[in-house]
Amino acid sequence: MASVVVAFELGGRPVEVLVSPLATLQQVLRTQLGHTSVKDGCRQGGCGSCTVLLDGEPVLSCLLPVEDVAGRRVTTLEDLTPVDGLTTVQRAFLDANGFQCGYCTPGMELVTKALLERNPAPTRADIAEALSGNVCRCTGYVPIIAAVEAAAAAGSAAAVVASEGATR
Amino acid sequence: MTAQYHVVGESLERTDGVAHVTGRTLYTADLAFPGMLHLKVVRSPLHHALIRGVDLSAAERVPGFVRALTHADVPHNVYTILGLIGVEPEEEFVLPVDRVRYKGEPIVAILAETEAAAYEAVGKVQLDLEELPAVFDMDEALAPGAPIVTHWGNNTFMYEGHPCRRVRYGDVEAGFAQADHILEGEYRTSPIEHAPLETTGCIAVPEAGRFTVYTNTQAVYFSLDNTSIILGLQPNRLRFIGGTVGGGFGGKVDVIVEPLATLGAMRTGRPVRYVYNRQEEMQVSSTRSAETIRIKDGVMADGTIVARKVTGLADCGAYSRQTPYAITKFAANATGPYRIPNVWVDAYCVYTNRTPTSAMRGFGVTMGHFAIEVQMDKIAERCGIDPWTVRFRNAHRNGDVKPHRKVTSDATLIETMQAAARLVGHGLPPELAAMTSAPRTEWEGER
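First to last, the protein sequences are chains R and L.
Just so we're aligned: 869 in my numbering is position 136 of the first sequence, and the numbers increase by one with no gaps anywhere.
Just so we're aligned: 332 in my numbering is position 329 of the second sequence, and the numbers increase by one with no gaps anywhere.
Each hint should be verified, as a subset may be incorrect.
[What the hints assert, rightly or not] So the derived label-pair ranges between C-beta atoms look like this:
id : chain 1 : residue 1 : chain 2 : residue 2 : range
1  : L       : R240      : R       : A891      : 50 to 58 Å
2  : R       : P815      : L       : D140      : 53 to 61 Å
3  : L       : I244      : R       : Q765      : 18 to 26 Å
4  : R       : N852      : L       : P78       : 55 to 63 Å
5  : L       : R240      : R       : V748      : 35 to 43 Å
6  : R       : S865      : L       : V377      : 29 to 37 Å
7  : L       : A35       : R       : G818      : 27 to 35 Å
8  : L       : A437      : R       : T856      : 44 to 52 Å
9  : R       : A891      : L       : A437      : 53 to 61 Å
Just so you know, these hints were derived from the structure itself, not from any lab.
Fair warning: this is a prediction, and the values are worked out from it, not measured in the lab.
Every residue, glycine too, gets a C-beta built ideally from N, C-alpha and C.
Can you build the whole structure from these sequences, using the hints too?
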């Protein structure tokens, strides 16, 4: 089978890539587009380290043929990291030591971002449910959950500041 | 007072923290080099077999196939990781010549332009194997007539001419004769896979006159030195770059991927990537060894242990890797943090046709402590004494001699248990609350 060109949006910019049949989004992001924050842990949907956001929702890029994202919006951690400083979620993971080896961290952070966008004040059970597809072999998850709680608290504090500003 | 300290008592940001939370940390498999080849190996589908033939002809016709590496390509094909610290003999084949000893043992390596071509060619290699009887149980491996796994005629690692690591201290039979109770226990543990999220891998890059190897090893100099020995290269022709490990837990201290990848780079003049897939990580990489631990304790009515006899068996699988060292650690720690005056230990490293085993988090010691602490609870139950009291009464104190003749100088068990009791809100009787690790009085020392 011949290669095909697939066009989609990556981090707000249009991209076109020439891909082999059945190439996964994970392979294309890592090897053709240089987005190595998308990790490669199992290629069978078992570990969550390849998580990306597809139209804002977390998906496992290792199970997704890249043709399926044609015309859609893909976001990786590369696309979210500011030029200077960190996002609220990144700051919370750093401050809470919500990582050890760092290999699961990009996936954990993207799942956290998606969770907080649909549920700004999650319970511990909500957090555990959201992270249940993402494996961490180092931390035992406790500092990761603490990081998500800290990110939620920081996000709602920022929202309060923003709304107070709007009222004034 | 606090002003002079910048680290103690402070919570410091990790130096690699920002890179980790931004996803900018580059792990080995994130790297790529122009012209990079992909290495995959053909693995034995049988647990124990003679290699009668390997037919590469169909594999060679796969588009993208570059070349194969066989045992004939490996300059020094037999090694043992611990050879660097004097452990003998060399026993593991980089690529076996005529016999495979475990399911998943590599036989031939394939180098190809793409990963997909490498997998396709691997699938087209025809193996002619003659299956041999295999052994998977340690007691069976030690029994007469068992299939022999090693090349020296029995199924144990030899410690200075003995089939086991031995500890002899005091008179264990006299201790049993003196004891009020005899307690025997058998404890078994399973192999455990480390399952790091990042799989084992490396990329070897040929440069002018030398090779730079990017690797996620936990033991960069073990890897460099063993690769030097296997490839017959002076160490100054190898530059190993490690340091970023996506989870190790002891599972990345073996030297498996670097010699083959570097050999591939030598033979082709191109960068070679050899990264395990998840299946290889789970089924072929070393695990913690399974152990069978048999303990016989002689105990006085007050819970004091006066004699312990231990036979420990650790299944190293088909090649021993770091397990002989684990067994030595097990033998040295067979009394745990407790003072026992009469001790006898035989600890065997047993070869079977299972996956080779190696280091994992406290290897040797961890499984021993599982057995020892369950035994302590049984002693408490038999003597009708509180489990805390039994541990305090037997705890090492400074000045106590351990069975391997080291004098205890840093005992902290008593103080640690006192702190643990406080943390869990367990009130200790005054006798235990007042104890310290200070040397025993003359009267206490006589027990």
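How the hints compare with the structure:
With their beta carbons about 55 Å apart, R240 of chain L and A891 of chain R fall inside the hinted range of 50 to 58 Å. For the pair P815 of chain R and D140 of chain L, the beta carbons lie near 58 Å from each other, so the given range of 53 to 61 Å is met. About 24 Å separates the C-beta atoms of I244 of chain L and Q765 of chain R, a value consistent with the hinted range of 18 to 26 Å. In this structure, N852 of chain R and P78 of chain L meet the distance hint of 55 to 63 Å, their C-beta atoms being roughly 60 Å apart.
Checked against the hint of 35 to 43 Å, the pair R240 of chain L and V748 of chain R passes, with Cβ atoms roughly 41 Å apart. At roughly 33 Å, the beta-carbon separation of S865 of chain R and V377 of chain L lies within the given 29 to 37 Å, and the hint holds. Remark: the range hint 27 to 35 Å for A35 of chain L to G818 of chain R is upheld by a beta-carbon distance near 29 Å. Between A437 of chain L and T856 of chain R the beta carbons are some 46 Å apart, a value that agrees with the proposed interval 44 to 52 Å.
A hinted range of 53 to 61 Å holds for the C-beta pair A891 of chain R and A437 of chain L, which are about 54 Å apart.
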